[in-house]
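*Asks:* Residues per chain are reported as follows:
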Amino acid sequence: MMAANDIAAGDPVTAPQGALAASLKGASVRFGAFTAIDRLDLDIEAGSFYTILGPSGCGKSTMLRLVSDLIPAASGEVSVLGKTTEAARLAREFAFVFQDAALLPWRSALKNVELPLEIGRKRGVDIPIGRRSPRELLELVGLKGREEALPHELSGGMRQRVAIARALVCQPKLLLMDEPFGALDEMTRDRLNLQLLDIWRETGTTILFVTHSISEAVFLGQKVVMLQANPGRLREVVGIDLPEPRTTKLRDTQQFTHYCGYLRDLLETC
Amino acid sequence: MAIAENIPAPDPEAEARAEARRRKLMAGAVPLATAAGLIALWQVGVKAFGVPTYIAPAPSDVAATLIDKFPLLMQNFWPTLFESIAGFAVGNIAAILIAIAFVHSRNVERAFFPIAVFINTIPILAIAPILVLIFGPGLTAKVVIAALICFFPTLVNMVRGLQSISPQALELARILSASKSEVFWKMRLPSSLPFLFSALKISATTSVIGAIVGEWVGADKGLGALIIDATFNFNSPLLYATVFMSSGLSVLMFALVSLAERRIVRW
Ligand SMILES: Nc1ncnc2c1ncn2[C@@H]1O[C@H](COP(=O)(O)OP(=O)(O)O)[C@@H](O)[C@H]1O
Ligand SMILES: [Mg+2]
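Residue numbers (full-length UniProt numbering), protein chains in the order written: chain A, 1 to 270; chain B, 1 to 267.
The reader is advised that the hints may include incorrect statements.
[Said to hold, decoys possible] Below 30 angstroms or equal to it, Euclidean Cα-Cα: the simulated DSS-like pairs (lysine-lysine) are:
#, chain 1, residue 1, chain 2, residue 2
1, A, Lys111, B, Lys180
2, A, Lys111, B, Lys201
3, A, Lys25, A, Lys223
4, A, Lys122, A, Lys83
[As the list claims (entries may be wrong)] Take a look, some chain A residues computed to stay more than 12 angstroms from chain B by CB distance:
#, residue
5, Gln99
6, Ser108
7, Arg131
8, Glu136
9, Met158
10, Arg191
11, Gln255
12, Cys270
To be clear, the hints were calculated from the coordinates, so they are not data collected in a lab.
Nothing here was measured: the structure is a model prediction, and the numbers come from that model.
Glycine residues also receive a C-beta, built at the ideal position from the N, C-alpha and C atoms.
Let's have the full structure, built from the sequences with the hints guiding it.
*Replies:* As structure tokens, then:
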């Protein structure tokens with residue numbers, strides 16, 4: 001007997017080499033007369049881990065919201081996996097993890113992870129079912145045994161892990177994360193960083209990760225996208241050439257501090 | 001010495017539990033003892049100063065009436081209970097449905113909210129005779145008055161509750177391409193429940209007030225009618241006993257709603 005899960009497991013998640021997970025061509029976003037993002041050109045290679053840095057208010061969140069079809073581009077073009085952002089949204093090609101986990105407080109951890117599978121089911125929407133069940137995803141993020149806990153019974157770090165499990169349930173090819181660990185203490189954040197890298201390697205998904213921490217950006221990212229403010233523009237894409245898989249020890253190496261120093265100087269001029 | 005060694009080691013957890021139980025007991029015992037003390041003071045005061053029964057009956061007179069006239073009291077309790085529950089149901093269901101319409105369409109809200117505010121500003125005592133004139137002396141007028149008194153707090157709270165969903169949850173819904181009805185059933189409605197229940201707890205007691213006020217204006221049965229009757233006949237012990245039954249009815253309604261809240265709103 002072949003379960004539906006096994007068929008899905010056969011599908012390679014990783015896109016072919018050189019394919020683009022997302023692409024922005026001269027994309028601008030305006031709020032009234034204010035230009036939040038000005039003619040941004042950026043190609044996001046499939047399967048890579050991108051971190052996004054920039055001064056506060058430079059349009060990092062706006063960029064993620066643009067890619068995820070939450071706001072429209074005033075001009076220019078944005079595509080996700082070769083489709084329009086709307087088509088990609090309808091096909092559940094991407095998932096979003098917010099800074100505050102945005103869990104529904106009346107639903108248990110498991111029920112929160114199951115939410116994306118419920119939305120659209122009655123309308124007959126073709127929901128991509130990941131190769132992992134919601135239960136297995138909670139186990140993957142280290143929450144086995146807490147399936148029935150309500151969000152208010154979990155710590156901030158645990159809630160964020162539930163949100164990550166929920167984002168993975170439709171097996172997205174692109175994972176957008178807006179300062180997901182920004183409100184957590186440093187130890188929790190370091191642990192979740194390692195877990196996230198494991199998940200990224202294992203799922204082969206592309207990640208766009210906004211942070212305001214330089215060391216987090218260097219530790220996680222294969223590429224760091226630096227944005228500058230007023231108006232929001234691309235400053236530089238810095239490739240981070242550090243040995244994989246990354247471990248905590250890396251933070252003490254000279255290379256690591258070198259990248260951090262370079263980005264700190266760059267950030268000061270943005 | 002030898003005895004002390006036989007005492008089992010103290011279990012900190014059991015001790016904490018015992019402490020919590022003691023504290024809970026005290027929290028209940030203190031107000032009960034205070035109430036008992038005040039009632040005793042009232043009894044002694046009335047007897048010591050020889051206050052006539054029709055001005056202020058002693059608690060013992062009221063208790064005797066409660067027992068003697070229990071069939072009469074219950075006979076008038078049921079209509080008021082029915083009017084309160086029916087008014088509670090009608091008023092709150094109407095408020096919930098109208099709140100949903102308001103949240104669904106700004107235009108409906110703009111058109112009807114000022115009217116709702118206006119109706120709310122009319123004192124219920126002033127509007128009760130009008131409603132009795134319209135609906136006659138039967139049950140309907142009392143149900144309508146009880147419903148009216150429940151309506152406004154629930155409307156306002158329910159609108160707030162339906163709008164209380166976090167902007168990020170709405171963005172999540174959009175990313176999942178959720179339909180309007182999915183957003184309503186899976187997000188807005190559940191997130192409104194804590195707001196709804198705080199309104200329902202208010203209307204649990206005000207619906208009883210509405211029913212009794214309706215009965216004052218024109219009724220021959222119900223606790224409100226009995227209050228009027230006892231007052232005109234200077235039957236103070238019966239009046240006090242009826243008031244006691246009325247507040248018992250309020251407490252019952254409040255307890256039922258609180259129980260439902262505790263079972264439903266667990267977050
Ligand atoms: N909905 C909005 N309406 C008006 N201005 C907005 C809106 N969202 C963001 N902005 C503005 O756009 C700029 C970029 O915001 P944002 O992308 O949130 O910055 P950050 O890089 O800190 O995430 C800010 O100046 C912000 O005030
Ligand atoms: Mg931001």
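*Asks:* Looking back at the numbered hints, which does the structure fail to meet, lowest number first?
*Replies:* 5 and 6
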